[in-house]
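Trainee: Letter by letter, the chains look like this.
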Amino acid sequence: MVMHEMTDSEIILRVEDIHKCYGETEVLNGVSFNVRCGETKVFIGPSGTGKSTLLRCINQLTVPDSGSIWLNDEEVTHSGPLINQFRQKIGMVFQNFNLFDHLTAVGNVEIALIRVKGMNKADARKKALLELSQVGLLDKANAYPAELSGGQAQRLSIARALAMDPEVILFDEPTSSLDPELTREVLEVMRRLARAGMTMLVVTHEMGFALSVANEILFMEHGKIVEQGSPSDIQTSPAFARTRQFLGTFHDD
Amino acid sequence: MSILSPAIIDSLPYLFSGIFITLGLVILALGLGLMMGIPMSLIQVYGPRPLEYCIRTYIWIFRGLPILVLLFLFYFGIFPMFAPDVGPFWIAAVVLGFRTAAYQSEIFRGAIQSISEGQMLAARSLGMSRFCAIRTVILPQALRRALPGWTNEYPILLTDSSVCYAIGVAELLTRGNQIVARIGDPMTVYIIVAILFILLNYGGQWIFGRIENRYTIPGYGHGDA
Amino acid sequence: MIQLQFDFDLLLPVLYQGALVTLALILVSAPFGFLNGIAIALGRVYGNRFVSKLCHGYVLFFKGCPLLLLLFIIYFGLPSVGITFTAFTSAVIGFILCNGAYNSEYIRGGIQSVSRGQMTAALSLGMSGMQAIRSIILPQALRKSLPGLANEFIYLIKYSSLAYMITVIEITGAGKIFAAKYFAFFEVFIIIGIFYLALVTIAGQVIARIEKKIAIPGFGGV
Chain B
7 MVMHEMTDSE
17 IILRVEDIHK
27 CYGETEVLNG
37 VSFNVRCGET
47 KVFIGPSGTG
57 KSTLLRCINQ
67 LTVPDSGSIW
77 LNDEEVTHSG
87 PLINQFRQKI
97 GMVFQNFNLF
107 DHLTAVGNVE
117 IALIRVKGMN
127 KADARKKALL
137 ELSQVGLLDK
147 ANAYPAELSG
157 GQAQRLSIAR
167 ALAMDPEVIL
177 FDEPTSSLDP
187 ELTREVLEVM
197 RRLARAGMTM
207 LVVTHEMGFA
217 LSVANEILFM
227 EHGKIVEQGS
237 PSDIQTSPAF
247 ARTRQFLGTF
257 HDD
Chain D
230 MSILSPAIID
240 SLPYLFSGIF
250 ITLGLVILAL
260 GLGLMMGIPM
270 SLIQVYGPRP
280 LEYCIRTYIW
290 IFRGLPILVL
300 LFLFYFGIFP
310 MFAPDVGPFW
320 IAAVVLGFRT
330 AAYQSEIFRG
340 AIQSISEGQM
350 LAARSLGMSR
360 FCAIRTVILP
370 QALRRALPGW
380 TNEYPILLTD
390 SSVCYAIGVA
400 ELLTRGNQIV
410 ARIGDPMTVY
420 IIVAILFILL
430 NYGGQWIFGR
440 IENRYTIPGY
450 GHGDA
Chain X
27 MIQLQFDFDL
37 LLPVLYQGAL
47 VTLALILVSA
57 PFGFLNGIAI
67 ALGRVYGNRF
77 VSKLCHGYVL
87 FFKGCPLLLL
97 LFIIYFGLPS
107 VGITFTAFTS
117 AVIGFILCNG
127 AYNSEYIRGG
137 IQSVSRGQMT
147 AALSLGMSGM
157 QAIRSIILPQ
167 ALRKSLPGLA
177 NEFIYLIKYS
187 SLAYMITVIE
197 ITGAGKIFAA
207 KYFAFFEVFI
217 IIGIFYLALV
227 TIAGQVIARI
237 EKKIAIPGFG
247 GV
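Protein chains in written order, with the working numbering: chain B, 7 to 259; chain D, 230 to 454; chain X, 27 to 248.
So that you can see chain B by itself, here it is in the shape it has in the complex (with noise of 0.2 angstroms):
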């Protein structure tokens, strides 16, 4: 595989031992990594592992408590106001969609626009718009998040990260709360994505996209990363019996 090939200078993201406790419960316990650009990285492992505490560190939604992160050399941790800055370049998209209920489709893309980005009106709208397409819901720009389906909706909430052109996407468990009938336009947005070159981060249950689209397959357990390897690595040569077994839980759908 090409990426392969790529130096340490390609690298965007880099996430230096982690740590973060909920009271008594180690969530995550010394995570380290490293993205490079266009890179699709899929996290799997066990519900409760702490992969979703993980992204949210990321982008500081959740403060770790110890370890750092890193942004093109920048630092992410410890980056006071300027958190609203990194926070642009690192979209997310949630698992429940946490669209801006009372706004339509084309307004929850464009709000970051004018509010953050300070564009004017109009050329939010034409660049919401042009997202929209992009996420084939160009139809459903006046409808309010009330009036769209779950797959809709996510392809929405995905549209409203890509506006604000970050360098890395987020997705926590994106497909979660959809039905297995609707999950697959969710996915197959998220399969462009990755070909297109978008870097991206998915922590997901669906072991399909993870071994078709993910260039590496990071396997959590207990707030640490316990494999990684690249998707025929993981398939061919499992060195944990945890792995197998989650592997084998999941790919009958």
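No lab work stands behind these hints, which were simulated from the structure alone. Quick caveat: nothing in here was measured; it's all calculated off a predicted structure. Glycine is no exception: its CB is placed at the ideal position from the N, C-alpha and C atoms. Mixed in with the good hints there might be a few duds.
[To be verified] DEER-style ranges, computed between Cβ atoms:
(1) X/Ile-240 / D/Gly-413: 50 to 60 angstroms
(2) X/Gly-230 / D/Gly-253: 27 to 37 angstroms
(3) D/Ile-385 / X/Gly-230: 15 to 25 angstroms
(4) B/Leu-136 / X/Phe-87: 45 to 55 angstroms
Since the structure of chain B is provided, determine the placement of chains D and X on it from the hints.
Mentor: Okay, now just chains D and X, sitting in the frame of chain B:
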């Protein structure tokens, strides 16, 4: 100013006895409102159309008019015409009661309508008459659901009772004003009156909260009916 | 009946003047009461411990103290500590303080009913906390609290009559003075009653229309 002058301390017993007048107004009004509100709500839900419209008009009027206007209308207009011997306290109690009856009727109506149709069907299938079903199945549930809304009438009535000052009922605020007129120092006197009202308000709400808890049944949360 | 006809010619201009004062009281107080409510609600939800406690205390006091007493404190009490307002200003201040306390409760409920994810999503796009509150949280919270705020506006219309107790000659006061002079309480207060019923009913209709206009699928109101 923060130190109470002897003159104020001497007048405190007079002020405090206003508590009984104020609470008397509130309790009489709550009772009158309850006695009128339940039948009114039943007519609204189950009654014949013309009667229902009469009740709705009554509610529209008594909810739409300011308490001060109602007090003036009854004290200067209606009572002198039809019952000139009634004193301001009783007029005030009637006006507050008529008004809260309008609000209470709406509260009970909402509660009755929130009871599912199946309850009535089940009761009738057991051979109960309509009236019996309302009395033994619908109302016991509806009244429980209405309780949070109903107890909310207490703080409203308490604060509204102070307006009865306008027709000379010797309740707390009136007595406060009388003391101010006699010895001055309005700020101190008003703050004492305010503290009394606030204590009565939240003290009363605490008591009503206890009553609500006592009548709580699993499945009948505090959700407003 | 002839006597009554004669009264009307004198009465209507008097009531008209009073009605203008009533409308002025309402229209000046309502916007500030609304803003006051937003400020108190934001203080309670997003303020630090001290600000939050302070705002809670504010609500407890102004909801617990009768409005009429509050007006007396402002108009008759404050001059004794060297602060003097005109009767009209005193009334408006009292209405704003009291209306704001009640409004804040509905707005607070609205804010708290907006799901946490809305704030998370806004922050994830790079919005600051203030930006998120202004363009994401408040627009939703205010929509949800609209029925409650509308109720409080109707109350404001009715309680504006209390201004007469501190010598503001609004419509109730104008009518009362006239009625005492000509001894025609019944007739005068029927007319005033119709005025208030009309005002309250029209306000209700207008609010219903606004609610319809800004209604959004998925927003039922609290």
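Trainee: If a hint holds in the structure, say so; if it does not, say that too.
Mentor: To see whether the hints hold, each was checked on the structure:
no., hint, result
1, X/Ile-240 / D/Gly-413: 50 to 60 angstroms, "holds, 51 angstroms"
2, X/Gly-230 / D/Gly-253: 27 to 37 angstroms, "holds, 33 angstroms"
3, D/Ile-385 / X/Gly-230: 15 to 25 angstroms, "holds, 19 angstroms"
4, B/Leu-136 / X/Phe-87: 45 to 55 angstroms, "holds, 53 angstroms"
Going through the hint list in order, the structure satisfies each hint without exception.
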